[in-house]
Amino acid sequence: SFYDHYSINLLNARSLGMGSATVAIQGGIENALTNPAAFKADQFTIYFEVMGKGSTTEMNSYEKYEEPEEDRRYEMGVAESQNLEAGIPAGILGFGFSPAHYLSVGASFSIPQTIRYNILERRLPTGAFVDRFPSMINYQTTMTMTGHIDELSIGMNLIYNYYTFRDMRLIAPHFDRVRYEKGVFRFQPGALYSTDRFAFGATYTLAAEEEIRMGNQEPYYHIYDMHFPAS
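Residue numbering for the sequence shown follows this note's numbering, starting at 571 and increasing by one per position.
The hints are simulated quantities; they were obtained by calculation from the structure and are not laboratory data.
Errors might be hidden in some of the hints.
[Claimed, not checked] Here are the simulated distance ranges between beta carbons: (1) V700 - S801: 18 to 24 Å; (2) N653 - A583: 22 to 28 Å; (3) E619 - Y763: 24 to 30 Å; (4) G697 - L663: 43 to 49 Å.
Given the structure is predicted, the values throughout are model-derived calculations rather than measurements.
Think of the CB as a built atom: it goes at the ideal place given N, C-alpha and C, for glycine as much as any other residue.
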């Protein structure tokens, strides 16, 4: 959770240039990621965007542990290689069209979150070390439909977030290496009222509840009742 903000990919180049303040600005299918009602298609269009982000250092401090009774010591600290990185490039691929003058339909595939920890190192009781590279990627598929009545637009996103986790660490029963996937459906309604002088937009992504069972074997599952908050 310390790195949740770093994991977010700021997609839509125009929106990023405006400080992500595009809830009330009408445009192509890329605008539907902010507000489904902000999407309006006059003709068939395809949108493609790729972005990357740099790494950031691990928030940690060097520590040293000594065990004189066994006349041995080992050290745990932060190596130069320990940092957070994107893992993979992010972006958007989408299309939109207008089957009627009062309707816009589109779909997009985007990667709104990526994070990879490089490197999680742990010492085993045998004295050997194991290296892990935990990562989380959120693949998002969005179906968008927007209706237009004069200056008013009402839209709806059907969102499917597919989360993938790699090299997650569980304490019990041993140093477990977990690979995990989970899909979550969410709805996002939105509205936009726009005139030549001003525009007003609003959108709301509904919350979702899911049970996540992490683990590789029974009965060692870690069960979490997850709440994906509204936004």
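Consistency of the hints with the structure:
| no. | hint | in the structure |
| --- | --- | --- |
| 1 | V700 - S801: 18 to 24 Å | violated (37 Å) |
| 2 | N653 - A583: 22 to 28 Å | holds (26 Å) |
| 3 | E619 - Y763: 24 to 30 Å | holds (27 Å) |
| 4 | G697 - L663: 43 to 49 Å | holds (48 Å) |
Against the hints set out earlier in the document, a violation occurs for number 1 only.
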